[in-house]
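**Student:** Chain order of the listed sequences is A and B. Residue 1 is where the first sequence starts when you use our numbering, and the numbers rise one by one after that. Residue 1 is where the second sequence starts when you use our numbering, and the numbers rise one by one after that.
By construction, these hints were calculated from the structure, which means they are not laboratory data. Treat the hints loosely; a few may be bogus.
Stated by the list, open to error - When the alpha-carbon atoms are kept at most 30 angstroms apart in a straight line, the in silico DSS-like pairs for lysine-lysine are as follows:
hint : chain 1 : residue 1 : chain 2 : residue 2
1    : B       : K157      : B       : K249
2    : A       : K54       : B       : K104
3    : B       : K210      : B       : K220
4    : A       : K47       : A       : K65
5    : B       : K76       : A       : K54
6    : A       : K3        : A       : K54
7    : B       : K220      : B       : K249
8    : B       : K177      : A       : K47
9    : A       : K47       : B       : K249
10   : B       : K76       : B       : K104
11   : A       : K3        : A       : K65
12   : B       : K210      : A       : K47
13   : B       : K135      : B       : K177
14   : B       : K135      : B       : K104
15   : A       : K54       : A       : K65
This structure is a prediction, so every number in the text was calculated from the model and none was measured.
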Amino acid sequence: MFKLENISYTYDATQAPSLADINLTITPGDFVALMGPNGSGKSTLFKILTGLLKPQTGTYYFEEKLVDSTDRCQNHLHQRIGFVFQNSDVQLFNDTVFEELAFGPKQQGLASGAVHQRVTDVLTLLGIEALAQRVPYQLSGGEQKLVALGSVLTMNPAVIILDEPYNGLSMAYQTKLTQLLQSLNAAGKTILVASHNFQQIAELANRVVVFNAQHQLVLDTPLNALTAPQEADLRQL
Amino acid sequence: MSASVELPNWLQQNQPVTNPSAKKHGYNPLNKNLGWLQHLLTQLNAPQNIHQTQQQPWLQVVNLAIMILLFSLAQKPLLIWLLALVWLVRLYRLSALQLYQFAKRLGHMSVFSILFILPSCFLNSWSLGLWLLFKTVLILGQVALFLQEITWVDFIKALRQLHVPPLFVLALSITIKYCHILATYLVQVLWAIELRRATTVPTPFYQTAKIMGRLYLTSKRYVLAVYEAMTLRGYQGQTTKVEHLALSKHDWRILGLDLSLIMMYCLVWRY
Ligand SMILES: Nc1ncnc2c1ncn2[C@@H]1O[C@H](COP(=O)(O)OP(=O)(O)OP(=O)(O)O)[C@@H](O)[C@H]1O
Ligand SMILES: [Mg+2]
């Protein structure tokens with residue numbers, strides 16, 4: 001699905017790279033957890049995967065095709081990958097939650113009946129029917145996170161990327177999110193999650209990828225193959 | 001294992017990708033406008049390749065002022081030639097990329113200045129107009145070089161060192177930071193839109209206008225939030241930060257050069 005070869009990214013030419021020489025392959029149906037200290041480059045990697053940032057060196061293949069900046073390629077990337085930002089409040093730009101969820105499928109050219117169906121399904125799925133007519137900016141942080149996730153789900157992407165999705169969610173919603181992500185993965189979606197909470201990750205993912213403070217990829221292993229000292233390290237993050 | 005969630009049917013199927021080349025649509029105002037805005041913002045946010053000098057920031061400002069003054073007062077070709085020579089020597093130290101940025105900046109500034117100078121060419125004589133243009137480009141070259149050699153942080157420091165009224169310095173420094181923060185924020189909002197918009201379906205014009213309006217409202221809200229955060233941390237519009245004039249060995253050399261240029265100006269002017 002994703003194949004990264006020697007990817008490096010530098011925000012500022014005067015500073016050290018924020019991602020250093022990353023090699024990573026992700027196959028369809030994977031459930032990958034990304035871990036690492038603050039500032040290690042998790043969000044940067046996600047922005048590269050979604051085509052928002054272009055790496056200065058290295059090659060990036062998505063579904064066996066080389067990713068470039070043509071409209072066609074970007075369009076393909078954006079329709080196949082859904083991305084929930086770390087600060088998901090910036091992700092909402094419509095007048096009501098309903099319109100927010102409908103924006104994506106409308107852009108994909110779905111008929112209005114199908115769009116309506118998808119929006120109501122997702123509202124029910126996330127348990128946020130009551131918010132449908134609210135203004136997205138006036139919602140609480142956790143509610144905004146759910147709406148951002150909903151706006152991605154209605155597009156039915158093959159890959160779902162979530163940058164620290166558990167932040168700001170109540171315990172009840174955290175459990176709910178865990179169950180939802182498991183079901184989505186069972187239905188064949190590839191899922192990438194960045195998180196600092198090993199407990200949650202251990203319940204969810206089948207593979208963990210770890211960055212260190214020097215922005216290098218230092219560990220990439222199935223979760224059940226983690227050794228005890230490695231696991232102890234991850235709990236510290 | 002926790003209980004699984006019942007997913008709707010469509011969410012369990014694979015979504016076919018609508019291909020941009022499958023349907024050809026004409027003008028798409030949303031894509032056009034957002035693309036333009038995004039380009040502008042990334043330009044604003046792009047790190048500048050600044051040439052590091054060993055000079056004190058305040059001296060860079062003084063140096064610029066002296067050079068501009070000399071260039072604008074100089075009437076004799078000999079003097080202008082000498083000044084231009086000094087300027088070219090300073091250019092020589094820039095790297096290839098910095099030179100390119102410098103040339104681009106100078107080009108943009110010159111085009112604007114031509115707009116102002118052309119009328120004088122038509123009204124007065126061409127030779128006078130061209131002379132004026134020549135001198136203007138040289139002066140703009142000084143400014144472009146200055147911008148290539150100083151960061152905003154240093155420029156603010158220079159103003160403090162030169163005892164410019166603190167309120168003015170503070171206002172300027174906050175404006176710059178604001179613009180930067182706002183641009184970073186707007187880029188993220190635009191990313192969010194880009195991720196969910198398709199290039200296949202044209203967005204109706206009213207929707208484009210609505211999104212643009214929303215963008216304005218969110219940025220306003222965001223700026224207010226930044227202001228609140230600053231107030232909470234005790235920002236009251238005054239600053240206690242004092243920067244002192246400092247001079248290094250390198251600075252004395254620059255000062256010496258400036259003084260000799262001024263002396264030369266006086267000499268050439270008299271004969
Ligand atoms: N817009 C930017 N401009 C300059 N540097 C940046 C920018 N965004 C991130 N960085 C730097 O890049 C590095 C990686 O940042 P990134 O946001 O990817 O980290 P992260 O792993 O997601 O951290 P966190 O766990 O705190 O979310 C950091 O050192 C950060 O300072
Ligand atoms: Mg992050």
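**Student:** Each hint needs a verdict: does it hold in this structure or not?
**Tutor:** Each hint tested on the structure:
no.	hint	result
1	B:K157 - B:K249	holds, 19 angstroms
2	A:K54 - B:K104	holds, 24 angstroms
3	B:K210 - B:K220	holds, 15 angstroms
4	A:K47 - A:K65	holds, 18 angstroms
5	B:K76 - A:K54	violated, 52 angstroms
6	A:K3 - A:K54	holds, 15 angstroms
7	B:K220 - B:K249	violated, 47 angstroms
8	B:K177 - A:K47	holds, 24 angstroms
9	A:K47 - B:K249	violated, 46 angstroms
10	B:K76 - B:K104	holds, 29 angstroms
11	A:K3 - A:K65	holds, 9 angstroms
12	B:K210 - A:K47	holds, 26 angstroms
13	B:K135 - B:K177	violated, 34 angstroms
14	B:K135 - B:K104	holds, 18 angstroms
15	A:K54 - A:K65	holds, 15 angstroms
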